[in-house]
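Work the whole structure out from these sequences, hints included.
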Amino acid sequence: MRKFFPCLLLCLLSVPTFLTADTVVEEIIARVNNQIITRTEYQRSREQLKQEAQQQDPANANKTYSEREKDVLRDLIDQQLLLEKGKDLGITADTELIKKLDEMRKEMKLESMDDLEKAAQSQGISFEDFKLNMRNQIITQQVIGREVGQRMTIPKEEIQKFYDEHKSEMEQPEQIRVSEILVSTEKKGDADTSDDSQRLAAAEAKAKDLLAQIRKGTSFEDAAKKNSDGPTAAQGGDLGGFKRGTLAKELEDKTFAMKAGEVSDIIRTKQGFVILKVAEHHNAGVPPLSEIEGRIQDAIYMRKLQPALRAYLQKLREEAYIDIKTGYVDTGASPNQTKPIETLAKDATAKQLKKKKKFGVF
1 MRKFFPCLLL CLLSVPTFLT ADTVVEEIIA RVNNQIITRT EYQRSREQLK
51 QEAQQQDPAN ANKTYSEREK DVLRDLIDQQ LLLEKGKDLG ITADTELIKK
101 LDEMRKEMKL ESMDDLEKAA QSQGISFEDF KLNMRNQIIT QQVIGREVGQ
151 RMTIPKEEIQ KFYDEHKSEM EQPEQIRVSE ILVSTEKKGD ADTSDDSQRL
201 AAAEAKAKDL LAQIRKGTSF EDAAKKNSDG PTAAQGGDLG GFKRGTLAKE
251 LEDKTFAMKA GEVSDIIRTK QGFVILKVAE HHNAGVPPLS EIEGRIQDAI
301 YMRKLQPALR AYLQKLREEA YIDIKTGYVD TGASPNQTKP IETLAKDATA
351 KQLKKKKKFG VF
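Under my numbering, the residues of the sequence shown are numbered 1 to 362, in order.
It should be emphasised that the hints constitute simulated quantities derived from the structure, not laboratory data. Just so you know, these numbers come straight off a predicted model, no measurement behind them. Be aware that a few hints might be false.
With a Cα cut of at most 20 Å, we get these calculated SDA-like pairs of lysine to any residue [unchecked claim]:
| # | residue 1 | residue 2 |
| --- | --- | --- |
| 1 | LYS216 | ALA279 |
| 2 | LYS100 | ILE138 |
| 3 | LYS325 | ASN33 |
| 4 | LYS206 | SER219 |
| 5 | LYS106 | GLN123 |
| 6 | LYS226 | ILE266 |
| 7 | LYS315 | SER334 |
| 8 | LYS70 | LEU309 |
| 9 | LYS131 | ASP115 |
In structure tokens, the structure reads:
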């Protein structure tokens, strides 16, 4: 049976169109320096936007699409400008691309990169185009981070002001973050010939030994990774966060009475013997600024990033040659952009015609 990989199909929508010798005349709708944007690329981006709107909020998909569709050409021009800037800065994204592809391979539970390539091909996706699209995404993100993000400053006074003005939004219930070590008492396959009492005694002895090691200073996380039979062993036993009312009463009574960093005594459960650690314990109410300063900084950063990015992209437009076909609009255009010069347009077209087979001119 053919497997379905939606993440690969989503990436396919963003892959630029490459024409064959038999392709009908392609329509150019914009030129950005010596690069072009075709009507096919424009329509492909519109289709991607439509699918994203449907996935994110099906009930309001049409409204979301109609609000954002006007910016499709702007976004394509943005990408061309950022990619060109990345080239000027010497950003290749080679290492990051390999890392991202490997993360995707693991997420899809594939054995090798060859398997990832086959998975792409099974969805009708050119693996080279897929990698190119991913590389372009990495490059644009790095350019934004270097040219915009790193130049933004968030003073302490601004963080304090945000905290004071948004306290009501920061109230949280009492909650804890818990890690566990489980020593199972279940039979371990047919090769396990021990009776119930032997397994129980061995498991209890192991749990007591682990607890003693932790009390003497052994890292709880390391002990969990090496010895826990629980499903979160690889994560150091981390079970995540819990609010009151989400745990069994016996466990809630024990864990919510513990302080951050405290380790429980051995607890007998149906699965075996459990040792718990409360990694974090947050009281109900507004957390102190020291606990959430990083989150506030991120919130302010994201609030500032979009206008700063738009200002940066307008500056790039002012330094670029951009020509747009009548009937199409760049909603990100700068009022200070120079008017396109026809001779430059012809030069740009000539360079591109060497790379793409057939294009309609405007």
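Against the structure, the hints come out as follows:
1. LYS216 <-> ALA279: holds, 17 Å
2. LYS100 <-> ILE138: holds, 9 Å
3. LYS325 <-> ASN33: holds, 14 Å
4. LYS206 <-> SER219: holds, 16 Å
5. LYS106 <-> GLN123: holds, 18 Å
6. LYS226 <-> ILE266: At roughly 18 Å apart (the allowed maximum being 20 Å), ILE266 and LYS226 satisfy the hint.
7. LYS315 <-> SER334: Measuring from Cα to Cα gives roughly 8 Å; hence the hint holds.
8. LYS70 <-> LEU309: holds, 18 Å
9. LYS131 <-> ASP115: Since the Cα atoms of LYS131 and ASP115 sit roughly 14 Å apart, the hinted pair holds (cutoff 20 Å).
The earlier numbered hints are all upheld by this structure, with none contradicted.
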